[in-house]
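Going down the list, the sequences are from chains P and S.
The first sequence runs 1 to 504 under our numbering.
The second sequence runs 1 to 504 under our numbering.
Be careful, since some hints might not be right.
Computed from the model, here is a short list of chain P residues facing chain S with C-beta under 10 Å [to be verified]:
| id | residue |
| --- | --- |
| 1 | M157 |
| 2 | L193 |
| 3 | D252 |
| 4 | E254 |
| 5 | D369 |
Anything over 12 Å on all C-beta distances counts as not near chain P; from chain S, calculated [what the hints assert, rightly or not]:
| id | residue |
| --- | --- |
| 6 | R79 |
| 7 | A158 |
| 8 | A185 |
Calculated directly from the structure, the hints in this document are not laboratory data.
Glycine included, C-beta positions come from ideal geometry on N, C-alpha and C.
Protein chains: 2
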Amino acid sequence: MAKTITAGIFSSFALNEQSPQPAYRQIYNELRRAMLSGRIPPGTRLPATRVLAGELTVSRNTIVSVFDLLAQEGYVVSRVGAGTYVADDLPEDHQLPEFDARPASSSTQLASADALSLRGRALARLSLTSGPANPAAFTPDIPAYDAFPIEIWSRIMANAWRNISLDLLGYADPAGQLPLRAAIARHLRAGRLVDCEPEQVIITSGSQQSFDLTARLLLDPGDPVWIEEPGYIGSRAAFTAAGARLIPVKVDSEGIDPEAGKLHEPAPRIVLVAPSRQYPLGMTLSMRRRDALIELSRSTGAWIVEDDYDSEFRYRGRPLPALQSMSSDARVIYLGTFSKSLLPAFRLGYLVVPPALAASFRTAKTVIDRHPPLLEQIALLEFMEKGYFASHIRRMRQLYEVRQRTLVGLLREHLRGFLEVQEADSGMHLVGMLRDGVNDVQFCAALAEAGVVARPLSPYYSMQPARHGLILGFAAVPPAGLHAGVQRLAAVAARFDRELPHSA
Amino acid sequence: MAKTITAGIFSSFALNEQSPQPAYRQIYNELRRAMLSGRIPPGTRLPATRVLAGELTVSRNTIVSVFDLLAQEGYVVSRVGAGTYVADDLPEDHQLPEFDARPASSSTQLASADALSLRGRALARLSLTSGPANPAAFTPDIPAYDAFPIEIWSRIMANAWRNISLDLLGYADPAGQLPLRAAIARHLRAGRLVDCEPEQVIITSGSQQSFDLTARLLLDPGDPVWIEEPGYIGSRAAFTAAGARLIPVKVDSEGIDPEAGKLHEPAPRIVLVAPSRQYPLGMTLSMRRRDALIELSRSTGAWIVEDDYDSEFRYRGRPLPALQSMSSDARVIYLGTFSKSLLPAFRLGYLVVPPALAASFRTAKTVIDRHPPLLEQIALLEFMEKGYFASHIRRMRQLYEVRQRTLVGLLREHLRGFLEVQEADSGMHLVGMLRDGVNDVQFCAALAEAGVVARPLSPYYSMQPARHGLILGFAAVPPAGLHAGVQRLAAVAARFDRELPHSA
């Protein structure tokens, strides 16, 4: 049973109002010092944020910020519904300096910890890795570069440059070129029943910027956000950077469960969800759960951020219409991207926002980076209008279906008993569950040494216990690569298998 | 003499801890209601944030946020060193609904005020206009589109697409392609004596994203930031969005005056400055002031954000070296852009950060938008390496010098006594001061009706009294356009002149 410090943790500490350090920095330093000195031992449960806020007469948000930073740095561990504990193993980077009141000597101040702000430290710890640029077996989340009609695109792009009119060379519409936004609106109305006018489409430089922009416009620091558990790391990072209080909500075979979410937080400000294809597990959100989310939004005013990242690639069953299309008075922001359907290098994605918010998103975009690159927009419009986009999607759907079937066949043949795989109904990757006792992070590290790319499943969980498995991309890998990759994967698996106990 | 409410403003109000509304929303609603009902009359001085924070036992930052929002919405006016007053004219959008605790009816909730967060409302009010895309006399801040070597660029870009290798089509380096960063580092070392290695160069999608990224990494909400008064609206907007407490510091003939700044705030977290060419007034920061800023950074740990936006175009005198080059242990972030030296449509700019922070900026970029567009980077590198960039800059410098001389000559001939102009030593615009009694915003509105673009000077001041003048761009306008523009300008001026009293 963990010891709880119920009060008095700051009995020998007082905020210095004259200090140039803000309150949270002083509190952070004091708590960290107490943990490192052993005054608050590992495993100790810390008092509730409300209690500490009262003790120090600061706002509860201040304490929440301090706890968040300590958690990100590994000093404390939060368990939903069970409080915050001092970590059993304090992080080894004890060298990480405190926030200095004033740099002691000018020669060290460039590297000193207060070089970054509290927000900046949190942001800089959220690195998103994107895997190697060169498509290897089994890099997930990238399309088939080898099958992209690069010559058609080059020709269109070169034409766009040759025929550019002078008035397009300056600063452009921050929400994107209206003709392209109209083409996207048509595409979404036809394919996803999304209810939108061109003015509601905001072009961004991809999903990551869409999440960042949405978080900054809809969220204040400390606001509660439901996230899928496990869920997409990119959106989690953007909302963490915006100061969200993340509430992980377990997914089951029907996707995210609103009833489970309500137990932790009945009125989230935002719900982050990928209904077409849950990331990473791949299930489709059931109609019943969709209705429940829409009802939650209607009754509490919660925003639903619908990430429809690769709805284009469905191999079995009919797609359900977008959540955005289900109700005209629920609060839904719809996200799409061209990184999967075309290429990541383009840096083009889009948001569909309610008419009442279109002007706000558009003006906020000017402050963030003025506007998306122009020539890519002009070329993409032509690519869509000439029918190349639709035919490319059709071709990729067929190609990816074959690639997945090949990969599943190979895995079932060579990794039976070690990796349990199921064909995905849609998308560009599948998830294999590892046999008990295999740590996915360690296994993926061993794979990397053998030249195989696979992403471990467990880091997509923000709470323990996580399931251990592999996220295997098949879209970018030609059949020969899939064969070679599975052989290497099987060799590493055999090595791990030998070291594990086997039940008779 | 304004009446001050010293205390008791919230005597009939208590925070509802059970409310789903955060504290700041409750306080905002209460204050706004009190002002609209006349309970706190126009002109009243509000109590200090510290006093109100104590009265409500919330953090001072909470009150500062509420005041900031009320100021942005026009309900209150802040005067540096003199407190915060209820505006004489309350804004007319009284319809703007309060933050609702819960939307009263689902049909209105999409448009209700709590659709956006507090931060989002502030962000959405910061729209940056960029002027018409089509270069007109006298749109400032845009280069000569008519003189851009569009054929060379098109050829390079088409080649880049034709020769692209597959491994470049995926997600790329978030800080930009290293060969381009190396080319920029060479360019800055040679031209601006900037002390940097390629790894310190972070490619962004332009200055606006550079400011946004810097603000989020170096600043926490409420941190004090010195800004030039008057100063650039783009950086002011990005730092406001990040929650900065802006401290306007008057510029004189030597630029920003650190001694004046210290009177208001001796230890700013950040100093925003354009030393090569102050925006919009155009003076160069003197060597003495540069030394003082470097000393301030060394002694207090303040960050200097050096915006070197159009240092390439200097017509007279020698440029002073960049602040960044003056000391290896001062904290300087250096910003540059290709929007002025090439074209805004490219969306490419860069930051030079200290080695110790390069990794943090790089990882933060992944969370914000992953990475800059790739093909533009490849094409720009070739444009630089083949010498096109250097020769384009040389040609533009000559062209702009001629255009400025033409414009100054015309203005002195046709607007003597009404508009006082001086040739700028560098840059792409000049500033003309209007004769007493002419309101620049009204005058520019009249010019717009006559088809002439000019930006009023007074909005670049964040405090009153502002000087009234015109910001006139000359770089983008061929001589015929300058002639026609000045004629129309003179006609509008004559109309205004007739309506003003004349001394003797």
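Each hint tested on the structure:
1. M157: holds, 5 Å
2. L193: violated, 19 Å
3. D252: violated, 28 Å
4. E254: Since the shortest Cβ distance to chain S is 25 Å, the answer is violated.
5. D369: holds, 4 Å
6. R79: holds, 24 Å
7. A158: Non-interface label on S/A158 violated, nearest chain P Cβ at 3 Å vs cutoff 12 Å.
8. A185: Fine: 18 Å to the nearest Cβ keeps S/A185 off the interface.
Against the hints set out earlier in the document, violations occur for numbers 2, 3, 4, 7.
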